[in-house]
Amino acid sequence: MENRLAEYWRKNISIVCALLVVWALVSYFCGIFFVKPLNAIHLGGYPLGFWFAQQGSEIIFVILIFIYYKLMSNLDRKYDVHE
Amino acid sequence: MSILAWTYIMVGLTFGLYIFIAWASRVRDTKGFYVAGGGVPPIANGMATAADWMSAASFISMAGLISFLGYTGSIYLMGWTGGYVLLALLLAPYLRKFGKYTVPDFVGDRYYSDAARFVALVCAIFVSLTYVAGQMRGVGIVFSRFLEVDVNTGVIIGMIIVFLYAGLGGMKGITWTQVAQYTVLIIAYLIPAIAIAMKITGTPIPQIGLGSHVVTGQHAGKYLLDVLDQLNRDLGFAEYTQAFGPGQKSMLDVFCITLALMVGTAGLPHVIIRFYTVPSVKAARLSAGYALLFIAILYTTAPAVAAFARYNMIDTLNDKPYTEAPSWFKNWEKTGLIAWVDKNNDGIIQYRAGKPFKGKPVFTGETGPLGQRLVKNELTSSPNELYIDRDIMVLANPEIANLPAWVIALVAAGGLAAALSTASGLLLVIASSISHDLYYRMINRKASEKQRLLVGRVMIAVAVCIAGYFGINPPGFVAQVVAFAFGLAASSFFPIIILGIFSKRANREGAICGMIAGIVFTAIYIIQIKFLHMKPWFLGISAEGIGVVGMLINFIVTIVVSSITKAPPKEIQDLVDSIRTPRGAGAAVDH
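Line by line, the protein sequences give chains A and B.
In this text, residue positions in the first sequence follow this note's numbering: the first is 349, and each later residue adds one.
In this text, residue positions in the second sequence follow this note's numbering: the first is 8, and each later residue adds one.
One or more of the hints may lead you astray.
[To be verified] Label-pair ranges, simulated between beta-carbon atoms:
| id | chain 1 | residue 1 | chain 2 | residue 2 | range |
| --- | --- | --- | --- | --- | --- |
| 1 | A | Ala372 | B | Asp326 | 25 to 33 Å |
| 2 | A | Lys359 | B | Asn338 | 55 to 63 Å |
| 3 | B | Ile571 | A | Lys359 | 53 to 61 Å |
| 4 | B | Ile566 | A | Ser421 | 25 to 33 Å |
| 5 | A | Lys426 | B | Pro576 | 52 to 60 Å |
| 6 | A | Phe377 | B | Ile473 | 20 to 28 Å |
| 7 | A | Pro385 | B | Asn338 | 18 to 26 Å |
| 8 | B | Gly366 | A | Ala366 | 48 to 56 Å |
| 9 | A | Leu353 | B | Gly209 | 33 to 41 Å |
| 10 | A | Lys359 | B | Lys362 | 51 to 59 Å |
[As the list claims (entries may be wrong)] The calculated DSBU-like cross-link candidates involving lysine-lysine, where the alpha carbons are at most 30 Å apart (straight line), are:
| id | chain 1 | residue 1 | chain 2 | residue 2 |
| --- | --- | --- | --- | --- |
| 11 | A | Lys426 | B | Lys365 |
| 12 | B | Lys206 | B | Lys337 |
| 13 | B | Lys577 | B | Lys453 |
| 14 | B | Lys362 | B | Lys327 |
| 15 | B | Lys383 | B | Lys337 |
| 16 | B | Lys383 | B | Lys367 |
| 17 | B | Lys289 | B | Lys341 |
| 18 | B | Lys341 | B | Lys362 |
| 19 | B | Lys537 | B | Lys367 |
| 20 | B | Lys289 | B | Lys206 |
| 21 | B | Lys511 | A | Lys359 |
| 22 | B | Lys383 | B | Lys289 |
| 23 | A | Lys426 | B | Lys350 |
| 24 | A | Lys384 | B | Lys229 |
| 25 | B | Lys350 | B | Lys365 |
| 26 | A | Lys384 | B | Lys577 |
| 27 | B | Lys365 | B | Lys337 |
| 28 | A | Lys426 | B | Lys289 |
| 29 | A | Lys359 | B | Lys577 |
| 30 | B | Lys537 | B | Lys577 |
| 31 | B | Lys365 | B | Lys573 |
| 32 | B | Lys289 | A | Lys418 |
| 33 | A | Lys384 | B | Lys362 |
| 34 | B | Lys327 | B | Lys367 |
| 35 | B | Lys511 | B | Lys537 |
| 36 | A | Lys359 | B | Lys337 |
| 37 | A | Lys359 | A | Lys426 |
| 38 | B | Lys365 | B | Lys383 |
| 39 | B | Lys542 | B | Lys367 |
| 40 | A | Lys426 | A | Lys384 |
Please keep in mind that the hints were generated in silico from the structure rather than gathered at the bench.
Where is the CB? At the ideal position from N, CA and C, for every residue including glycine.
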C-alpha cells in the first residue's frame with residue numbers, strides 16, 4: 349500500500365511537471381523570450397509572438413487545466429484513491 | 008428613454024436580484040458562513056471565482072491600460088490568468104483535501120505554530136484590505152458617473168448593499184450572488200465588444216476581429232494591427248505590437264512582472280478560499296478549470312477591445328477640428344477625464360506621443376473660444392494636445408460605437424457587479440481571518456457556534472466601514488499599494504504553501520524564517536521604489552515584479568533553515584501524506 353501511494357504521488361508529480369512545461373513554454377518562451385523572432389511569422393493579422401502573449405497563452409492555460417482534470421481523474425481511479 | 012432612466016432600471020434590477028439571492032441562501036451555521044457548507048457545484052464555483060477575481064480593475068481599467076501599452080499590456084493578460092494554472096495544479100486540490108476554512112489555518116496547522124498562523128493572518132488581512140479600498144472607490148466612481156449622485160453617496164449605497172448580502176448570507180450568499188454578478192458583468196462586457204468588432208472588422212467575434220482586416224474608412228483592407236503599428240509610428244509612439252522597444256519595459260522586467268502577477272494570483276487568500284467551497288478534490292480541480300474558462304472569456308476579449316478603442320480614438324479624433332468632434336468626446340470632457348489644449352491655436356485636435364501638460368487636468372472653470380474647457384496645468388513642450396484618462400476606454404466604448412442607451416446602462420451595471428463581487432469576497436476573507444483565525448483559533452477556543460457567527464457578522468460590518476472610509480477618503484497611495492498586495496502574496500504565502508504540500512521536510516522554523524525574509528525584502532524594495540522614489544536597483548526590476556525575487560528568497564531560506572533544524576513531527580508528515588491522496592475529503596471541518 350505504501351509503495352502504491354508513493355508511485356501514485358510520483359505519477360502525479362510527472363503529470364504536473366509536464367503540464368507546467370507547456371505552461372512556461374507558451375507564456376514565457378513564446379510570449380516573452382522569443383516574442384521578437386516569432387513576430388516575423390504571421391497568423392492572419394496577428395504577429396505570432398504577439399498572438400501568444402495576448403490570446404494564445406490564455407486559451408492554452410484553460411485547456412491545460414481541463415487536461416489536468418482528466419488525467420488526474422483517471423490516475424485517481426487507477427490507484428483506487430478516488431472519492 | 009434616457010441613459011439615466013435606463014441606468015436606474017438596470018442597477019435597480021440587478022441589485023434587487025443580488026439581495027433576493029442573499030435572502031434565499033441566508034445561513035445559520037459557521038460552515039455555511041465561511042465555506043458555503045462545502046456544497047457548491049464546480050461550474051457555479053467557477054463562475055463565482057471568476058466574479059470574485061475580476062474586479063473593477065479588470066472590467067474598467069485593463070483594456071484601457073492595454074490600449075496605451077500595446078504588447079506590454081500582455082503582462083496583465085498572462086499574469087492574471089497564468090496564476091490559475093499554478094493554483095489548479097499545485098494548490099487547489101491539496102488545500103481542498105486539507106479541508107479547513109482559511110489560508111492561515113493551513114499555515115498554522117501544517118507548520119504546527121501559532122506564530123506562523125499569526126504572520127499568515129496579518130498578511131491575509133493586509134492584502135485584502137489593500138484590495139478592498141480600491142474596489143469601494145470603483146463603486147463610487149461608477150455611481151457618480153452613471154447615476155449622477157455624489158461619489159460619497161455612491162460609496163455608502165455600495166457599502167449597504169455589500170453588507171446586506173455578505174452579512175446575511177456569508178460565503179453561501181456571496182457565492183450565489185457572485186454567480187449572478189458574473190453573468191451580468193460578462194454580458195455587459197461582450198455586447199459592446201461584439202458590436203464594435205462588427206463595426207470595425209465585420210466579424211462578430213472580437214478575438215478574431217483583432218487579427219482581421221479593417222472593413223471601412225481610409226484604412227479599409229489592411230490588417231487592424233498593422234494599421235495600429237503604422238498610426239503609433241506616425242504619431243511618435245512605439246509600435247503597438249512591438250516588444251521591449253525604447254521607453255518600454257525590458258525583457259527581464261516583463262518576465263518578472265508576469266511571474267509575480269501569476270504567483271501573486273495563486274497566493275491571494277480570497278481566491279484560494281473559494282476552493283474550500285466545493286464538495287470534493289475532483290470538484291476543486293474542475294472548478295479551477297471553469298474559473299479560468301470564465302475569466303479567459305473576458306481576458307481574451309479585453310485586448311481586442313483595447314485595440315478597437317485605440318483605433319477608434321485616433322481615427323475619430325486625431326487631426327480633426329474640435330468643433331466637429333463626436334458627442335461622446337464632449338460628454339467625457341464634462342467629467343474631466345478628457346481635456347484638450349489648443350497649443351498651436353489651429354482649432355484642430357493633435358494627438359501625439361508625450362503628455363500634453365503636467366499631471367491631471369485642473370480646470371479654470373472657463374471655456375475657450377471653441378467651447379473647450381481650459382486647464383491651469385503647466386504645458387509641456389510635446390506637440391500632443393490631448394489628455395485622455397485610460398479608464399474611459401471601456402466605459403466610453405458603447406457611446407463611441409453609437410450603441411443604444413440600454414447598453415450604456417448595462418455597462419454601468421457590469422462595472423458595479425465587478426466591483427461589488429470582488430469587494431464582498433475580500434470582506435469575507437477579512438471577517439473570517441479575524442473571527443475564525445484570531446478569535447476562535449487563538450483567543451477563545453470554547454466559543455459557541457452562535458458567538459462565532461455573531462463575531463463573523465460584526466467583523467464584516469467593521470470591514471465594510473473601513474473599506475467605505477477608504478472609498479470616501481482614498482489614500483493617495485492606492486495605486487502604489489497594489490504592487491504590495493501581489494508582492495506580499497507572492498513572497499509570503501505561495502512558497503510556504505507549495506513547500507507545505509510538496510516537501511515533508513519543510514518545518515516550522517524554516518517557514519517562519521522564510522516568510523519573514525521574503526516579506527521584509529519585498530516590502531523594503533517596494534517602499535524604496537514607490538515611496539522614497541529610488542531607482543529600481545535590483546537588475547532594473549520594477550516594484551511590481553520584485554515579488555518574484557522575494558519568493559525565491561522565501562523558498563531558499565525555508566529550505567535551508569528546514570534542512571538544518573529538526574524534521575517536523577510524525578503527525579505532520581502523516582498530514583502531508585493525507586493531503587496528497589484525494590480519498591476521504593469530507594466536508595471542510597473547523598477544528
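Does the hinted range 51 to 59 Å hold for Lys359 of chain A and Lys362 of chain B at CB? Holds, since Lys359 of chain A and Lys362 of chain B (Cβ atoms, about 56 Å apart) stay within the stated range.
Return holds or violated for the Cβ distance of Gly366 of chain B and Ala366 of chain A against the range 48 to 56 Å. Cβ of Gly366 of chain B to Cβ of Ala366 of chain A: about 51 Å, so the range 48 to 56 Å holds.
Please verify whether Lys365 of chain B and Lys337 of chain B have alpha carbons no more than 30 Å apart. Status holds; Cα separation ~22 Å.
Holds or violated: Lys383 of chain B to Lys337 of chain B, with C-alpha atoms at most 30 Å apart: Answer holds: Lys383 of chain B to Lys337 of chain B is near 19 Å, not above 30 Å.
Restraint check for Lys542 of chain B with Lys367 of chain B, where alpha carbons must lie at most 30 Å apart: This hinted pair holds, its Cα atoms lying about 24 Å apart.
Check the hint pairing Lys384 of chain A with Lys362 of chain B against an upper bound of 30 Å on the C-alpha distance. The hint holds at about 28 Å.
Going straight from one Cα to the other, do Lys289 of chain B and Lys341 of chain B come out at no more than 30 Å? violated (52 Å)
Range hint 20 to 28 Å (beta carbons of Phe377 of chain A and Ile473 of chain B) holds or violated: At 43 Å between Cβs, range violated.
Is 55 to 63 Å a correct range for the gap between the Cβ atoms of Lys359 of chain A and Asn338 of chain B? At 60 Å between Cβs, range holds.
Sort out whether Lys453 of chain B lies within 30 Å of Lys577 of chain B, counting only the CA atoms. Distance ~27 Å between Lys577 of chain B and Lys453 of chain B Cα, so the pair holds.
Starting from Lys537 of chain B, check that the Cα of Lys367 of chain B is at most 30 Å away, please. Given that 30 Å is the threshold and the Cα spacing comes to 19 Å, the pair holds.
Lys327 of chain B and Lys367 of chain B were given as a pair; does the straight-line alpha-carbon distance stay at or below 30 Å? OK: Lys327 of chain B and Lys367 of chain B at ~23 Å, within 30 Å.
Checked against the numbered hints above, the structure breaks hints 1, 3, 5, 6, 7, 9, 11, 17, 20, 22, 23, 26, 30, 31, 35, 36, 40 and satisfies the rest.
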